[in-house]
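Trainee: Numbering-wise (my numbering), the sequence shown opens with residue 2 and increments by one.
The reader is advised that the hints may include incorrect statements.
[Claimed, not checked] If you anchor each label on the Cβ, the simulated ranges turn out as follows:
1. 106 - 40: 37 to 45 Å
2. 111 - 54: 19 to 27 Å
3. 55 - 88: 29 to 37 Å
4. 19 - 109: 23 to 31 Å
5. 67 - 121: 32 to 40 Å
6. 36 - 94: 25 to 33 Å
7. 6 - 109: 18 to 26 Å
8. 8 - 102: 29 to 37 Å
The set of hints was computed from the structure by calculation and includes no laboratory data. Ideal Cβ positions, reconstructed from N, Cα and C, are used throughout, including at glycine.
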Amino acid sequence: VVTRTGSMNLDTDLFRSGAGFLIMPEDTKAPETNFEIEIVRAGQGSVDLTKAMSLLPGSFIQLEGGALLNASMFAANLVDEINLTISPMVTGADSPRLANGAPPLHSDYQVAHILEDVGYLFIRYLRKI
(Lines of atoms letter the chains of each structure in order from A and count residues from 1; the text may use other names and numbers.)
(Lines give C-alpha, C1' and ligand atoms only; values in the text may rest on other atoms or scores of the structure.)
Protein backbone atom coordinates (compact mmCIF):
# COMPACT_ATOMS: atom_id res chain seq x y z
CA VAL A 1 0.00 0.00 0.00
CA VAL A 2 1.47 3.35 -1.04
CA THR A 3 1.06 6.07 1.58
CA ARG A 4 2.64 9.49 2.03
CA THR A 5 1.57 9.88 5.67
CA GLY A 6 1.15 6.36 7.07
CA SER A 7 -2.15 7.47 8.58
CA MET A 8 -4.35 4.47 7.93
CA ASN A 9 -6.01 1.53 9.63
CA LEU A 10 -3.49 -1.29 9.60
CA ASP A 11 -5.59 -3.64 11.71
CA THR A 12 -6.83 -5.54 8.65
CA ASP A 13 -6.40 -9.08 7.35
CA LEU A 14 -4.07 -7.80 4.63
CA PHE A 15 -1.50 -6.53 7.12
CA ARG A 16 -2.11 -9.00 9.96
CA SER A 17 -1.51 -11.91 7.54
CA GLY A 18 1.88 -10.52 6.57
CA ALA A 19 0.86 -10.28 2.91
CA GLY A 20 0.56 -6.50 2.93
CA PHE A 21 3.38 -3.99 3.19
CA LEU A 22 3.70 -0.22 3.11
CA ILE A 23 5.56 1.96 0.65
CA MET A 24 6.23 5.34 2.22
CA PRO A 25 8.72 8.23 2.23
CA GLU A 26 11.96 7.83 4.14
CA ASP A 27 11.14 10.81 6.38
CA THR A 28 7.63 9.71 7.39
CA LYS A 29 7.14 8.21 10.85
CA ALA A 30 6.23 4.53 10.71
CA PRO A 31 2.73 3.78 12.00
CA GLU A 32 2.53 2.05 15.37
CA THR A 33 1.13 -1.49 15.43
CA ASN A 34 1.30 -4.47 17.74
CA PHE A 35 2.39 -6.68 14.83
CA GLU A 36 5.21 -6.47 12.31
CA ILE A 37 4.69 -4.79 8.95
CA GLU A 38 7.28 -4.60 6.18
CA ILE A 39 7.96 -1.02 5.10
CA VAL A 40 9.68 -0.04 1.84
CA ARG A 41 11.02 3.51 2.07
CA ALA A 42 11.71 5.70 -0.95
CA GLY A 43 11.75 9.47 -1.36
CA GLN A 44 11.59 12.51 0.90
CA GLY A 45 8.19 14.09 1.59
CA SER A 46 6.48 11.92 -0.99
CA VAL A 47 7.08 8.44 -2.34
CA ASP A 48 9.68 8.17 -5.09
CA LEU A 49 7.84 5.54 -7.12
CA THR A 50 10.75 4.71 -9.42
CA LYS A 51 13.04 4.04 -6.46
CA ALA A 52 10.30 2.14 -4.61
CA MET A 53 9.66 -0.15 -7.59
CA SER A 54 13.38 -0.90 -7.85
CA LEU A 55 13.41 -1.97 -4.18
CA LEU A 56 10.52 -4.43 -4.48
CA PRO A 57 11.30 -8.11 -5.03
CA GLY A 58 10.09 -9.94 -8.11
CA SER A 59 9.33 -8.79 -11.61
CA PHE A 60 5.55 -8.35 -11.31
CA ILE A 61 3.78 -5.67 -9.29
CA GLN A 62 -0.01 -5.43 -9.31
CA LEU A 63 -1.09 -1.78 -9.16
CA GLU A 64 -4.63 -1.30 -7.94
CA GLY A 65 -4.40 2.37 -7.16
CA GLY A 66 -6.77 5.20 -7.67
CA ALA A 67 -6.54 7.65 -10.53
CA LEU A 68 -3.86 9.83 -8.88
CA LEU A 69 -1.54 6.92 -8.08
CA ASN A 70 -2.11 5.51 -11.57
CA ALA A 71 -1.26 8.92 -13.06
CA SER A 72 1.97 9.05 -11.07
CA MET A 73 2.93 5.55 -12.22
CA PHE A 74 2.20 6.40 -15.88
CA ALA A 75 4.14 9.68 -15.59
CA ALA A 76 7.14 7.76 -14.19
CA ASN A 77 6.89 5.30 -17.11
CA LEU A 78 6.38 2.36 -14.73
CA VAL A 79 3.33 0.70 -16.32
CA ASP A 80 3.94 -2.21 -18.69
CA GLU A 81 0.46 -3.77 -18.63
CA ILE A 82 -3.09 -2.51 -18.19
CA ASN A 83 -5.99 -4.74 -17.15
CA LEU A 84 -9.22 -2.92 -17.94
CA THR A 85 -12.78 -4.01 -17.18
CA ILE A 86 -15.63 -2.43 -19.11
CA SER A 87 -19.08 -2.98 -17.66
CA PRO A 88 -22.37 -2.76 -19.58
CA MET A 89 -23.56 0.16 -17.43
CA VAL A 90 -23.53 3.90 -17.89
CA THR A 91 -23.08 6.19 -14.91
CA GLY A 92 -22.65 9.92 -14.83
CA ALA A 93 -20.75 12.24 -12.55
CA ASP A 94 -17.35 13.82 -12.26
CA SER A 95 -15.73 10.42 -12.00
CA PRO A 96 -11.97 10.09 -12.11
CA ARG A 97 -10.46 8.49 -15.14
CA LEU A 98 -7.82 5.78 -15.26
CA ALA A 99 -5.10 8.36 -14.65
CA ASN A 100 -6.43 11.68 -13.34
CA GLY A 101 -3.85 14.36 -12.79
CA ALA A 102 -1.25 12.93 -15.15
CA PRO A 103 0.75 15.37 -17.21
CA PRO A 104 0.18 15.00 -20.94
CA LEU A 105 1.66 11.64 -21.80
CA HIS A 106 1.54 9.12 -24.56
CA SER A 107 2.31 5.44 -24.24
CA ASP A 108 1.38 2.86 -26.82
CA TYR A 109 -0.20 -0.39 -25.70
CA GLN A 110 -1.52 -3.29 -27.74
CA VAL A 111 -4.35 -5.68 -26.96
CA ALA A 112 -3.02 -8.98 -25.63
CA HIS A 113 -6.29 -10.56 -24.54
CA ILE A 114 -10.04 -9.87 -24.55
CA LEU A 115 -12.59 -11.91 -22.63
CA GLU A 116 -16.34 -11.28 -22.62
CA ASP A 117 -18.55 -12.59 -19.83
CA VAL A 118 -22.19 -11.60 -19.31
CA GLY A 119 -21.64 -8.34 -21.16
CA TYR A 120 -18.48 -7.40 -19.27
CA LEU A 121 -15.26 -7.00 -21.24
CA PHE A 122 -11.96 -7.90 -19.60
CA ILE A 123 -9.10 -6.47 -21.66
CA ARG A 124 -5.38 -6.89 -21.11
CA TYR A 125 -3.04 -4.45 -22.83
CA LEU A 126 0.75 -4.76 -23.07
CA ARG A 127 3.13 -1.90 -23.72
CA LYS A 128 4.36 -1.87 -27.31
CA ILE A 129 8.08 -2.48 -27.50
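Trainee: For every hint, state whether the structure bears it out.
Mentor: Here's how the hints hold up against the structure:
1. Here the CB-CB span from residue 106 to residue 40 is close to 29 Å, at odds with the stated 37 to 45 Å.
2. For the hinted restraint 19 to 27 Å between residue 111 and residue 54, the CB-CB distance of approximately 22 Å keeps it satisfied.
3. The hinted range of 29 to 37 Å is satisfied by residue 55 and residue 88, whose Cβ atoms lie roughly 35 Å apart.
4. For the pair residue 19 and residue 109, the beta carbons lie near 38 Å from each other, so the given range of 23 to 31 Å is not met.
5. In this structure the hint that residue 67 and residue 121 lie 32 to 40 Å apart at CB is violated, the actual value being about 21 Å.
6. For the pair residue 36 and residue 94, the beta carbons lie near 38 Å from each other, so the given range of 25 to 33 Å is not met.
7. The hinted window of 18 to 26 Å between residue 6 and residue 109 is violated, with their beta carbons roughly 35 Å apart.
8. In this structure the supplied range 29 to 37 Å is violated for residue 8 paired with residue 102, their Cβ-Cβ distance being about 21 Å.
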